[in-house]
Amino acid sequence: MAFRLKLVPEKTNIDFFQWASLTFGGSVAALVLSAVLAVVMGLNFGIDFRGGTTIRTESTQTVDVGAYRAALTPLGLGDVSITEVFDPSFRADQHVAMIRIQAQDGVEAITPEIITRVEAALTATDKAITFPSVESVGPKVSGELIKGAVLAVLAATFAIVVYIWLRFEWQFALGAMVALVHDVGLTIGVFALFQLKFDLTIIAALLTILGYSFNDTVVVFDRLRENLMKYKTMPLRDVMNLSVNETLSRTLMTSGTTLISLVALLIFGGDVIRGFVFAITFGVIVGTYSSIYIAKNIVLYLGVKRDWTKPSDDMDGPKGTQYATGK
Amino acid sequence: MHMPLWKRVIIWGLCAAAVLVALPNVFYSRAEQHNDAVAAVEKSGVETPDLVAARAMWPSWLPSKIVNLGLDLRGGAHLLAEVQTADVYKARMDGLWPELRKVLAEDRATLGGVRRAPSAGDELRVTIEKPEAMVKAVELAKSLSSPVVTLTGVGQNDIEVRGEGNTLILTLSAVERAATDDRTLQQSLEIIRRRVDEVGTREPTIQRQGANRVLIQVPGIGSAAELKALIGTTAKLTFHPVVRRTTNANELAGPGNMLLPSIDEEGVYYVLEEVPVVTGEDLVDARPEFDQNSQPAVGFRFDPTGARKFGDYTAENIGQLFAIVLDKQVISAPRINQHIPGGSGIITGNFSVEESTNLAVLLRAGALPAAMTFLEERTVGPELGQDSIDAGKVAAIVGFCAVVLYMIASYGWFGTMASVALALNVAMIFAIFSTIGSTLTMPGIAAIVLTMGMAVDANVLIYERIREELRSGKGPARAIELGFEKALSAIVDSNLTTLIAAAVLFFAGSGPVRGFAVALSVGIVTSVYTAVYVTRLFVVTWYGWRRPKTIVV
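Protein sequences, first through last, are from chains A and B.
Taken in order, the first sequence gives residues 1 to 327; the numbers are from this note's numbering.
Taken in order, the second sequence gives residues 1 to 553; the numbers are from this note's numbering.
These are calculated hints, taken from the structure and not from any lab test.
Treat the hints with caution; some may be incorrect.
Said to hold, decoys possible - Computed from the model, here is a short list of chain A residues facing chain B with C-beta under 8 Å:
1) V141
2) G143
3) T208
Given the structure is predicted, the values throughout are model-derived calculations rather than measurements.
Heads up, the beta-carbon is just placed ideally off N, CA and C, and yes, glycines get one too.
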């Protein structure tokens, strides 16, 4: 037998419900904690969502946050935040900082005069400074962007839940949705905890997590459906364990390959998309966990319609069931 | 295990086509120079040695379409502007007043004196001396309105008239407002497009968004401020008779006149007649020139109507001053020395060469019909874009190699076949991007790297299934066949859910998010294709050739 890298033994027989109170309870606790964090600490919204201006500065000299702040304070621009950016891909003499200026009262987007003044003030502090990117979003647009983002997440959830409902049963759809709330909720919690910048690209990341979370869950469900038809008398709990065990190798393999590419992006992809990639990476990890530990628990609690065992005298097959045949 | 020949031919053909179409992206700058040269030759019809050399950078018989790089990768400026469509209502109302006065004056006997009352910009209020004649006044005012011809609003008039006490109120009807808004926006788009095109950058995006917004993306421009200066200037050129010249900034201009400052003579003001003789709208051409003293100037030419008005006026007013006004400032006020027929002239002032060039551009493109406010603006420097491209490249290569190693370590020879399919998958993504002319953004690169990880998922599902079938004692051929067959439902279900999410991202998202959604969708479709068809073809071909007794997946 040739060498094969194996993440899990060929045949596993893990009881995934054994620690159900711990895993499920832990997830519920983590979810509640995330909600509390998001409310108490709040999310560090980027200018996409609260308006304002970000200026990226680059210089051959080290970033002196204090000096930058001293240069900008006399301009009276209100809340100004300055953070230095570090990235392994930067050259030795490449020092980058992000400056965020709050939305100015009474103007939609920041005026070029203010940007010119900011740039002049910073150039006076550091002769070698350049401004590779300047972004400004007015409050009107940011309000719409928030609305659009929330709508997008809800619409995507709805569309996918309906799809699963049609392909499987409502219990599965609900289970998948709970798993999804878990994944997205925890990701938001982590962003609140570490005060990572939450902007439009993070919404894209959440939607990707959403798709991925369902993707993972659906593979388990697909096997569950198949096994439910195969082992008509086996208790639901055992069928579920069997299905998860059978797909475990694949679940971990796929998460493994996806994580490999994500880690490559995380390390080498540069700081511009780091937050975005981090969100997806985190989401894939919790998504893998939730498809093993969360989604099917919900289905177990709800109980699944096992109609197809009833017309057992009818050998024609699963009549009167809502299952679509897996084609 | 059998696969009909036509299927094999189609699959191989598609793969070969994808590789061929994706190829120019590997030699991006060469292909780009070739394309630019071809476009330049086509436009000018002249083949300079430089262009021919650039064109030779890439063979003409190969596909040469390349992926469009987004602003975040190429560098450039992005603006979201809102057109103040209400500006136009005011202009309409102001234009209506002289007409209305004329109509009402004809019935002075019944109405008494009429006077314009102050009002909001979008209505015209007129007080009438004898309120009891209001019915008559409304009737007269209504004669000014005309039906609006639109798809939905046939039969409605453009102006609504009502009387309140002694005040006659004219407003634009809802249908007319909608029609006006639409026209204003179309006109703004057209003017912005002309102004941006004049500067001659590569592939600008100028799109209407929603009812009154315009999205402008110009790659390669230095900053959003520069872009704003280019499109935000109103450039309203008018020619007015001069009443007198003064140095008093608070001088009363008198009815029908206005006081405007001189652009380059400090403290000098002109009292001008408010109604212009000719406007920039009558211009057909404007170009940078030099006057007789070799100072930069702008030469212009009127269309026949403008030329006639200009000619008549100059003939009748020899010896008078004539002011050239740009955006409420007097550029110059030369004396009319003789009758100027033919409708062409020259504007002199203290211009630099650059200023005269810009002014010519602005005059040629025409004035914006309404002011714009900018809701969103983003500038990305070209170096940052290049950094992002490099970072994305490194991440993609590392990600690809790691996934390939992992697949080979896990599935051996079958993993190798899946890896080749993965490479074809990446080629297909680029081929599709090049063909549909979609824009690649940084999140798009992330999506491609992400799909690399997810693309092998389908292969993993299939291989795990084959393993299971082998374990349950099936022969190799049967196991392979069942593996592909049974994994299909899970593959389709799982990828469709992701595709749904991507579709929502596309419709709800904007800018970079959209780029991500497109890349993700394309990646999902191609990955299912390569996993289900291409890998299958590889496996079937290999199996048919070697006929192994046992297989190890």
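Quick rundown of the hints versus the structure:
{"no.": "1", "hint": "V141", "verdict": "4 Å, holds"}
{"no.": "2", "hint": "G143", "verdict": "11 Å, violated"}
{"no.": "3", "hint": "T208", "verdict": "7 Å, holds"}
In this structure, only the earlier hint numbered 2 is contradicted, and the remaining ones agree with it.
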